[in-house]
Amino acid sequence: MERSYQHTGILLLAFGGPNSLEDVEPFLKNVFSGRPLNPFVVKRVKERYQLIGGKSPLPEITERQARSLQDNLKRRGTLCDVSIGMRYWQPSISESINTLHAKGIKKILCIILSPFSTGAASGGYNKAVYQTIKESYQNMEAHFVSP
Numbered sequence: 036m037e038r039s040y041q042h043t044g045i046l047l048l049a050f051g052g053p054n055s056l057e058d059v060e061p062f063l064k065n066v067f068s069g070r071p072l073n074p075f076v077v078k079r080v081k082e083r084y085q086l087i088g089g090k091s092p093l094p095e096i097t098e099r100q101a102r103s104l105q106d107n108l109k110r111r112g113t114l115c116d117v118s119i120g121m122r123y124w125q126p127s128i129s130e131s132i133n134t135l136h137a138k139g140i141k142k143i144l145c146i147i148l149s150p151f152s153t154g155a156a157s158g159g160y161n162k163a164v165y166q167t168i169k170e171s172y173q174n175m176e177a178h179f180v181s182p
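Numbering (this note's numbering), first residue to last: 36 to 182.
If you are wondering where the hints come from, they were derived from the structure by calculation, not from laboratory data. Incorrect hints may appear among the rest.
[Claimed, not checked] Capping the alpha-carbon separation at 30 Å, the derived lysine-lysine pairs in DSS-like fashion look like this: (1) 81 to 109; (2) 109 to 141; (3) 162 to 64; (4) 169 to 141; (5) 138 to 109; (6) 162 to 141; (7) 162 to 90; (8) 78 to 64; (9) 109 to 78; (10) 90 to 64; (11) 78 to 90; (12) 64 to 169; (13) 138 to 169; (14) 142 to 109; (15) 162 to 138; (16) 169 to 142.
Sequences and hints are given; from them, build the entire structure.
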């Protein structure tokens with residue numbers, strides 16, 4: 036039996052990471068809230084990303100996790116949209132919520148993909164989700180899965 040949750044979406048929330056060496060500096064600006072960056076630090080970070088293929092593996096991994104979750108839910112008879120939102124990169128959390136809203140989603144189940152389960156680690160994700168909903172979509176609701 037197929038269950039449709041057409042007005043419910045799942046949002047996997049992750050830290051984010053640059054998709055190329057050119058993205059490293061804007062990514063770091065997001066991480067450091069726009070504060071000026073030390074050019075030496077930017078250079079070192081680029082060198083480290085170069086060692087692992089010139090980009091962060093996190094966005095692709097997170098996207099594969101989302102597709103896998105959606106496919107597994109579908110195989111089990113549950114139709115539900117699964118998206119990703121990045122805290123410091125793209126797609127941003129607000130961009131992803133905008134996309135979900137455009138698809139008619141009214142309820143979002145948020146899962147933070149972080150190795151840390153502290154208030155400091157999860158607080159930024161919570162704030163980004165609730166702020167976007169408060170500012171733009173009062174008819175939406177979000178719930179977070181506890182680790």
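Right, here's what the structure says about each hint:
1. A threshold of 30 Å between alpha carbons decides the hint, and for residue 81 with residue 109 the separation of about 39 Å lies outside it, so the pair is violated.
2. Taking the CA atoms of residue 109 and residue 141, the gap is near 20 Å; set against the 30 Å cutoff, the hint holds.
3. Between residue 162 and residue 64, the direct Cα distance comes to roughly 19 Å. Compliance with the 30 Å bound is thereby established for this hinted pair.
4. Restraint check for residue 169 and residue 141: the C-alpha separation of about 13 Å stays at or below 30 Å, so the hint holds.
5. At most 30 Å may separate the alpha-carbon atoms for a hinted pair to count; residue 138 and residue 109 meet this at roughly 18 Å.
6. At roughly 18 Å between alpha-carbon atoms, residue 162 and residue 141 fall within 30 Å of each other, so this suggested pair holds.
7. Between residue 162 and residue 90, the direct Cα distance comes to roughly 27 Å. Compliance with the 30 Å bound is thereby established for this hinted pair.
8. With a C-alpha separation of about 14 Å, the suggested pair residue 78 and residue 64 falls inside the 30 Å cut-off, and the hint holds.
9. Annotation: proposed proximity of residue 109 to residue 78 is violated, straight-line Cα distance about 44 Å (limit 30 Å).
10. With a CA separation close to 16 Å, the supplied pair residue 90 and residue 64 stays within the 30 Å bound.
11. Annotation: proposed proximity of residue 78 to residue 90 holds, straight-line Cα distance about 14 Å (limit 30 Å).
12. Taken as a hint, the residue 64 and residue 169 pair is honoured in the structure, with Cα atoms around 25 Å apart against an allowance of 30 Å.
13. Taken as a hint, the residue 138 and residue 169 pair is honoured in the structure, with Cα atoms around 18 Å apart against an allowance of 30 Å.
14. With a C-alpha separation of about 18 Å, the suggested pairing of residue 142 with residue 109 holds against the 30 Å cut-off.
15. Annotation: proposed proximity of residue 162 to residue 138 holds, straight-line Cα distance about 22 Å (limit 30 Å).
16. A threshold of 30 Å between alpha carbons decides the hint, and for residue 169 with residue 142 the separation of about 13 Å falls inside it, so the pair holds.
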